[in-house]
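Using the hints provided, position chain B relative to the given structure of chain A.
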Amino acid sequence: MKKFPRFTWSGATINMKRALQQKSNEVFILKITKVFAVLAITLLFCDGMASTGAQLVIDGEGIIVYSGPSVKYRAIGITDRGQKLPVSLQKIPGYKEVGDFYKVLVKVKPGNRKRLGYISSSEQVRIEHTSEDENIDSYQDFLLAKSAVQLAFAVLNDKNYQVALGYLIYPLPNLYLKAFVGQALSLTRASFLAGIEVGVDYFIGGPWSAYLSFAPGMVFSNGSDQLFLGSKPVTQVIQGGAGLRYNAGEHAALSFGLLQAGYFNTATGVLLSGMMITLEVGL
Amino acid sequence: MILSPLIFRRAPQFFFDTLFLIIKILRNQKKSFVEQFVVGLLFGLTLVQLPFSNICEAQESNFDFIARYYDDSETQVISPHVNAKASILNDDVTVGAGYAMDIVTSSSADVRSWASQGKISDTRREVSGSLGANLEGGALTVGVVVSDENDYHSQTYSIGGSRDFFDKNTTVDLGLSMGNDHVQSSSDKGFDQVMKTGSMSVGITQVLNKISLMQILYEYTIQSGYLASPYRAARIGQTDGSVIAISENVPNLRAKQDVTLKYIYYALGSSMATSTAVRLYWDNWGVRSITLEPQLTRDFSKDFSMSLDFRYYRQTQSSFYKDKYDQTSLSPFLTGNKTLSEYWTGLVGIRPVLKLSYGWEIYGRVEYYMLKYTNFTDIGVPSNPNDDKLYGLTAQVFSLGILRNF
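So the protein sequences, as listed, match chains A and B. Residue 244 in my numbering is what sits at position 244 of the first sequence, and the numbering runs on without skipping anything. Throughout, my numbering is defined as the position within the second sequence, counted from one, plus 1000.
Just so you know, the hints here were simulated from the structure itself, not pulled from any lab data. A portion of the hints provided could be inaccurate.
Some chain B residues well away from chain A (every beta-carbon gap over 12 Å; in silico) [said to hold, decoys possible]:
1) Val1104
2) Ser1187
3) Leu1208
4) Ile1236
5) Gln1238
6) Asp1240
7) Leu1280
8) Arg1298
9) Asp1299
10) Lys1355
11) Val1366
12) Asn1386
Label-pair restraints from in silico Cβ distances [stated by the list, open to error]:
13) B:Gly1241 - A:Ser224: 39 to 45 Å
14) B:Leu1208 - A:Lys114: 32 to 38 Å
15) B:Thr1105 - A:Ile196: 45 to 51 Å
16) A:Tyr246 - B:Leu1208: 35 to 41 Å
Ideal Cβ placement from N, Cα and C applies to all residues, glycine included.
Only chain A is shown next, with the shape it has when bound in the complex (with noise of 0.2 Å):
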């Protein structure tokens, strides 16, 4: 015969609280259950869920992107409303100025490479997470310089020369005005050089980028013929040039590439043709 137990108020009350909790443990295990399989299927139908990186939404227009982390950088290209950019999550101090600056991806062609690039924290942008994760860091900066001074050297058919010194600054990504001053010289001559310069930059990989320009300006010289036979003391000249140019980070650069020349008069004039090379360094 099967003895029960005997009651007493104390077991009563032991075993109540014993179903009472195995109850509990049943009900954490559902909860704890269902909230898993509420997260498989997530995971499962969400990617967006599942963040491990991040990106940074441009609200404002033409935000400007900063070849470094300040305003004093040269700027490499301007954002478009709702662009999204892949973005570092730490922000970058502002060089020698108050503020922090996003690293951001900005992709450009040919190919859509992705090029390392800064944006102002206090411009209107917000960070959203993406299941992208790209490793922001891994990318060079270039830190390219938004004015410099640029010595100039050019060998022209003939024997020609020029050497110039000129103050260049970027008022837009990608052109550069330049006021320089110099010498146009032959073996034995010299004479004052001066003009302004237009041209354009475009990043075609890595730190190179091919370039254009345009430049008139006028040559002073002590007397008549002494630029070529008929010049006189002030003579027009015009010139064009095309090349490469390396952008050597923290504020140098050097180029090189074709260089094309007239000096003319009302009356007569020479062309001359040639190689141009400068060394370019950052303010």
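Leaving out everything else, chain B in the frame of chain A:
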């Protein structure tokens, strides 16, 4: 969908036939590597585009064939031109090639007065190639043009680029070209002079609003070397009224400058676009000119449009030009070049364009051209002063072309 007439369904075959003809012509003559390369490229592009156009993934690929006929009753010119362009590598790169001919027969005033046979004929052949890159915010293009005729050979290399700013509302264009020409003479096989040309340009295009834009372009061209013609002669008036000729002598450098201002307006309601261009030109030889060029284009339907354009050109003479020089006071520079005299021209043209199915377009152009010299005389027989008269001409130009966009 419009059904293409039979001739346009057969246009690819027609195009191939034309290309084979060009190749055949070139094979019969000694051609430089550049010319062979460009013609090969032209052929290759066409070969790729026609049967397999889908693989190009291109939005800007096309080929264009146009035949042009000019007749002013003294000179006739037949000019077939063919061009092909392909966008490749996801539209990052464009490759283009072209071939053109000018078949000239002339008995113009100069020829009648001074050439031994009173009539000349010549054929100019031109091949061109270009390679462009669509880069961030703009494009960069390099090109080469090689032109050959019996007594003139020319090579021109160019590089040009454009960059967009302010949401593509502003575009800056820069260009640079270098040319090297050899001037020869059919009457003197040893004659070979060099003329070098350099050109630089800068332009700005600004979108003013949704229906109008403005463009300003400055171009500087400098020519150096032999700038005369071995055939042309300066005319020296004799005391008896007759005229003799001596070889012309002109400065060895010419610096040309011009500014063009263009305004384009699109009238949304009437599907009409107007374009007005004004060009001012001056050079260090004293020539000044103005060109006015209004144009009106209307879309009559989505497949048919027509353009009507006018051009008025007027220039002053160069500082050393004279119709007839005085034997007793000859200047160091003498020329018989009538394009350095004072004259004006007028042109009116009409250009219908019909779009067909499968990207084909057919277009034509009819022009009426008028030219009047103010101080250039057709001297007729040089020894007879009584047949002198101011020179002028009228000409008709007919063009017919087909274009295939891919």
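Status of the stated non-contact between Gln1238 of chain B and chain A (beta carbon gap over 12 Å): Correct as stated: the minimum Cβ-Cβ distance to chain A is 30 Å, above 12 Å.
Going by Cβ atoms, does Ser1187 of chain B stay more than 12 Å from chain A at every point? 29 Å, holds
Quick check for students: does the CB of Ile1236 of chain B sit more than 12 Å from each CB in chain A? Check passes; 24 Å lies beyond 12 Å.
Taking the closest pair, is the beta carbon of Asp1299 of chain B still more than 12 Å from chain A? 30 Å, holds
Regarding the assertion that Lys1355 of chain B does not contact chain A, is the least Cβ-Cβ distance greater than 12 Å? 30 Å, holds
Between Gly1241 of chain B and Ser224 of chain A, does the beta-carbon spacing fit 39 to 45 Å? 42 Å, holds
Would you check whether the claim that Arg1298 of chain B is not at the interface survives, using Cβ distances to chain A and the 12 Å cut-off? 34 Å, holds
With 45 to 51 Å as the target window, see if Thr1105 of chain B and Ile196 of chain A comply at their CB atoms. The hinted range 45 to 51 Å holds for Thr1105 of chain B and Ile196 of chain A, with Cβ atoms some 49 Å apart.
At 12 Å, judged by beta carbons, does Leu1280 of chain B keep clear of chain A as stated? Since the minimum Cβ distance to chain A is about 16 Å, Leu1280 of chain B lies beyond 12 Å and the statement holds.
Consistency of the no-contact label for Val1366 of chain B, given chain A and a CB cut of 12 Å: 38 Å, holds
For the hint 35 to 41 Å, verify it against the beta carbon of Tyr246 of chain A and that of Leu1208 of chain B. 39 Å, holds
Is the nearest Cβ of chain A still more than 12 Å from the Cβ of Asn1386 of chain B? Holds: least Cβ distance 39 Å, greater than 12 Å.
Comparing the model with each numbered hint stated earlier shows that all of them hold.
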